[in-house]
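Here is how the chains run, residue by residue.
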Amino acid sequence: MKRVLSLILMIGIGSFTLRGQVTFPRNDVKDERSRAFIFKNATIIVDHQHTIKNGMLMIKDGKIQNVAQTLNVPEGYTVIDLEGKFVYPGLIDIYTSYGLPAVKKIQNNFWGREQIQSATKGAYNANQAIKPEYAAAEEFAMNSEKAKKLRNLGFGSVLSFRADGIARGSSVFATLGNDSENVSMLNTAVAAHYSFNKGSSTQSYPVSAMGYIALLRQTYLDAEWYKSLKTKPFTDQSLVAWNQLQSLPQIFETNNWLQLLRADRVGDEFGKQYIIKGGGDEYKRIQEVKATGASLIIPLNFPEAFDVEDPLDAMKLSLKQMLHWELAPTNPGILEKNGIEFAITTHRVESGKFWKNLRKAIGHGLSEETALKALTTIPARLINMDDMVGSLKTGMVANFLVTSGNLFSKDVVIYENWIQGKRYVINPMDQLELAGKYDLNFMGNSYNLEISGKPGKHSAKIIINDTTSVKVKMKVQRELVTLNFDIGDKEISDKEIRFSGWVDGKDIQGRGQLGNGDWVSWQALHRDDLSEEDKADPVADKADSDYGKVLYPYLGYGNAQVPTQKSLLFKNATVWTNESDGIMQNTDVLVKQGKIVKIGKNISDKAAEVIDATGKHLTSGIIDEHTHIAATSINDVATNSSMVRIGDVINPDDINIYRQLSGGVTAAQILHGSANPIGGQSALIKFRWGASPEAMKIKGADNYIKFALGENVKRSRSTASRRYPQTRMGVEQVYMDAFTNALEYEKEWKSYNKLSTRQKATADKPRRDLVHEAMLEIIRGQRFISCHSYVQSEINMLMHVADHFGFKVNTFTHILEGYKVADKMAAHGVGGSTFADWWAYKWEVRYAIPYNPILMQMAGVTVAINSDDAEMARRLNQEAAKSVKYGGMSEEDAWKMVTLNPAKLLHLDDRMGSIKVGKDADLVLWIDNPLSIYAKAEKTMVDGIIYYDMQEDLKKRKFIQHERARLVHKMKEAKKGGASTQKPFETSHVEFHCDVIVGDHVLYLGEH
Amino acid sequence: MYQIAKIMKRSILLIFLLAGFTNLTMAQTMVIPANPQSTPLLLVGATAHIGNGQVIQDAIIGFDQGKLTVVGDATQNFDKAGYKVINVAGKHIYPGFILPATDLGLTEVSAVKATIDNDETGSINPNVRSIIAYNTDSELIPTLRFNGILIAQVRAFGGLISGSSSIVQLDAWNWEDALFQADDGIYLNWPNREKRLFDEKTFTFKTVPNENYSPQIRQLEEIFTETLSYKNNEQNQKANLKLMAMKGLLDGSKRLFLNVNDAKGIIEGVKFAKKMQVKNIVIVGGGEAYLIKDFLKAENLPVILGNVHSLPRREDDDVDLPYKMAYLLHQQGILTGLSYRGTQSSRNLPFFAGTTGAYGLGKEEALKLITSNTAKILGIDKRVGSLEVGKEATLFVSEGDALDMRTNRLLHAFINGRQLQLDATQQALYEKYKNKYQEE
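Quick mapping for you: the protein sequence lines, in order, are chains A and B. So in numbering that gives the first Met the number 0, the last one in the first sequence is 1007, and the numbering has no gaps at all. So in numbering that gives the first Met the number 0, the last one in the second sequence is 439, and the numbering has no gaps at all.
Hints listed in this document are in silico derivations from the structure and should not be mistaken for laboratory results. C-beta: ideal position from N, C-alpha, C; glycine also. Any given hint could turn out to be false.
As the list claims (entries may be wrong) - Not everything, but these chain B residues come out facing chain A in the computed CB check (under 8 Å):
id : residue
1  : THR354
2  : LEU402
3  : ARG405
4  : ARG408
5  : GLN425
One chain only, chain A, in its complex shape (with noise of 0.2 Å):
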């Protein structure tokens, strides 16, 4: 299956042709045909720029011979005239599985016995999600039925991929012909598919989406490494084989636009350009999408309408749900609109939609054009087939469709799919021009029927008067018809009357049955035809004007507008500055472009908004030393997952962030979870509600990364686990092979820079390694350490490993016990950043005390409190405020435990974290002392934005009541306008606390 290479050099054969098949036996006399055709009196849609009117094309062996205007008829080929029809191209799909096996679903459980290595057999990559070496084209296997679904809705070619691992090997591109392998695969290497899904993998490593991307930019760094060797060290097929892949078109799955971006950078960090298989979310933030100038592979897989009947069953929507409903339909308009270049796919829409879909598209802003586009040239060209499939120009192969018309039209019939010069008809070209108007004779009575449709997509209706219709079930079988109908009268039929029928010149007559079993005989006489009023059936669904506005994020709690930096002045507040002036009374704070410009009595500026904060306290931002929100995943399972960076993952649509807002936090740094002794590398974000990814980031921050002991790293609540280590003496042993083995990586690479030019030219490079990157960082004081801790022995060992290999450990996260060791804490410089009460919950905590903050404090610590809680966290004031009940703190000190003491522990002390002229203006408005259970936060600003408002809030909840209740309505007129439906679900984020993993297949939740 595997034997990659020889297949690989077979890219570029391509130009096969019908006569490939004398290599095979016969079993019946020659019979090869040379399937010469001329179609003439055709519109011809060269491309989506080209049409010829009235025009001829020409095919012989599978291939365009010629498209012209008029072509001479040579002898030899038969005539097909196709007056008032239309040829187009055969559609394109370059994201298909077509004539693949399935894959195998697998179940991981996170408590159960972990796989440490990869169960591929053979000389492959370490990581069993790392499949580059498997080639489509080695299984490909035409599927009949399959083909003949895709052929049905147009499609004469496919890309087709095993979607199985992160590195998913090549692709094959295929006709969709009946005939043998050998002939409808054009192409046997096309492109080299990735995604962020493991698929079949049982491998442990990797569960999260920054797994993935570790796993990919690790892997880049070894094939990159593995090729540069002169003397392979061992054999990796599978990096031979990524190697060969990269001057492919490298195309990767994405099923969002987080994704999207995510995988963007992956490939700017490695110069690829990736094309991207899009969620069809991307106009949720399309300047993003937009500013990675990927190509696009886009479906067209919008929701159906809810059921809305019930208003408590319609209560689990979220507005978010409703609107994406409302707003799918229009992403390829918008993409189009933007100049992003994509190609549509039918993955995931079931084929009974795909062209209902693509009108509703098109009816939402989609241009025929870029539809047409979409669905041939550019899949064409971003798959390097350009020169084979996609248009109708000679030479190419002869893939096209014989339509009723505009492909793009509500009534268009599609005739006959030619693939490689064969003909698959979808519906017999044929067939009886039946349009009309009717008199319907049958009992002695006559009745107004109209035929309307093309032929082939008849349907028809009695027209009782102006307003009402009976609707009839019309089949036309070449000249037989049948009609079925109950035309309401009981005095006539009580039941359904059943008609069959035949054409008899522009009349059809025929016998039928009545509902009580009486046959009748009937006729419908040709009365005249229809009139242009009639026949007028616009394209598809008509465009909305009333469409809902994208918010940021796109969530009901979002901005149409996203909120903008204001001057401001804080008269006459309780100011809380967390400086040597302390609390301030009646004084007015001035910001401006974002930073604290003024504190003092009587300040003015014409410029600034004035906020009356008589009476209201004043503080700086809340700052979350240990939070788990705003990012997509949390744990990956690596022992060392040093290399797992959470800034990849961030993400910034979490409601948690405005809810916390709601409680005073501003900034935050996103912790790694607690699965491993070396967990992976934080994010420090700030609260800009509605930004993206990476604006959410503190720009300049220090690096920080996630340490963890105790019970969680050494897996206590599995019995089944064997991941080492298993107690506390092995979580030593972890740090101390780490950092060794780090410091030999660094003496090796220097040693191979010392080297001069000429001797580098024959010795081989080490290789690079993310993990030991990450640990040297740690060792030369360029990345801090937050460790999540709990008992004495195992803080004191961390500690000693620090000062064996000449660092500091930054902060003690959780860190219950500290108050034991707080002495030791203090000599060696390490912070404490704790929670006020919380115990109970595991046997490592049972001597936890509420004085701890107190203790520390005492001996000089650094502390902090966090929350490691999403719904803990917008109360930390008064988290904060419990150190003042158990042991007395002064309030600012309290205070300072949730402000500029984490901006210490997180080295932001110099721009954040107190009241100070210069400093960000991170600030909250309190309505009372913000210890006090009873204080709220007025208003939270970061940059001097106003991020949450009491006010502006209450004009959140009514904004959402109001967009829900228009949603409904539309839902409801959908419904009754016969679009289908499905039933409310309700969706929920998980909430991450340390040890809550989240990957494709895994899922636990559990507690700090």
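Fit chain B to the known structure of chain A by using the hints.
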């Protein structure tokens, strides 16, 4: 045996509490249950929060032999002879807070199975009694008392019918001693109409209908109808522990605590219980009770809300919905109490109430949620829940507003007039390390 070993281990720090004598230099790790009240006590000069909405400034609160004898202000005329006066001027007095629907004493460390006794196997367990597993020596209990919680209703979780709950007071030698009211109710988890599935594609949970909903309701229907026929003809039936336990629901001697959150589930659960002739129904959880206030009012049903300090369930919900939910129910005149599921934060009950105070209710109305309202809901309001003459002297004195963590600092606490020892292991550890660092 374990308990003895524990005592030996800590005996170095052990100082016995003697009447009228406290050693402040070294705290006690052992919590010793207080002796019955021997001296009549008079608390003078504090602001008394009665627990029924009333506040008395400069109050006089007297009690003798465990019962309140005087509740009034300084102007009240009465014979102070025999009372030992404690001056608490400027302080605040509250009735002991009541924590319902808790597994306090049944769960010590939620990650360690050996310490958990809150969920019996099987789905219909009305006969299972929480009280006999209630561990009076749980190290968590002093941390609740320290915040003002003096009474708790202990229940089991799990299954459809989890078991019989009992009410305890939090200063006792053993469970028999702790009993305030035995087997006061039965906890029933109304089946979920929907279940949550994890959707890999979107990394979110998605709800789908629960196919077990109807079968589970049928299961409940069976036990209730059997109970009815059992009750009507007990002499001629074979003994059945489950039906015997259930019987009290039908004769009114036990309350049915109907654990349910979603609006439609509440309606269906209540209709079911009424059909089954249950006399007293209490909604526990009630996350969506605010959506069907009219129904609850019409049925005159009380609600014990779940954790106030929680996130809104839905993204579009008002950001402060859990905080103001009690207010929304109160507005409609629904009798409301507060609870907390789990042991990790139940000690913060006063601050849950404080939050509801900040979000619409006001302080005194918020106080009722954890005192008189809960007492009424549990049917113990004749004995506790407010500071009224004749009721039990279960109360405490705080430095300031006890619903605010900034000012909640207990000076004295009494259960039935017995003065509690408030300090325990945590305070001992505090003293131990404070001394260490102060000496250094």
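Next item on the list: Compare the structure with the hints numbered earlier in the document and write down the numbers of the violated ones, lowest to highest.
Entry: Nothing - there is no hint that the structure violates, so all of them hold.
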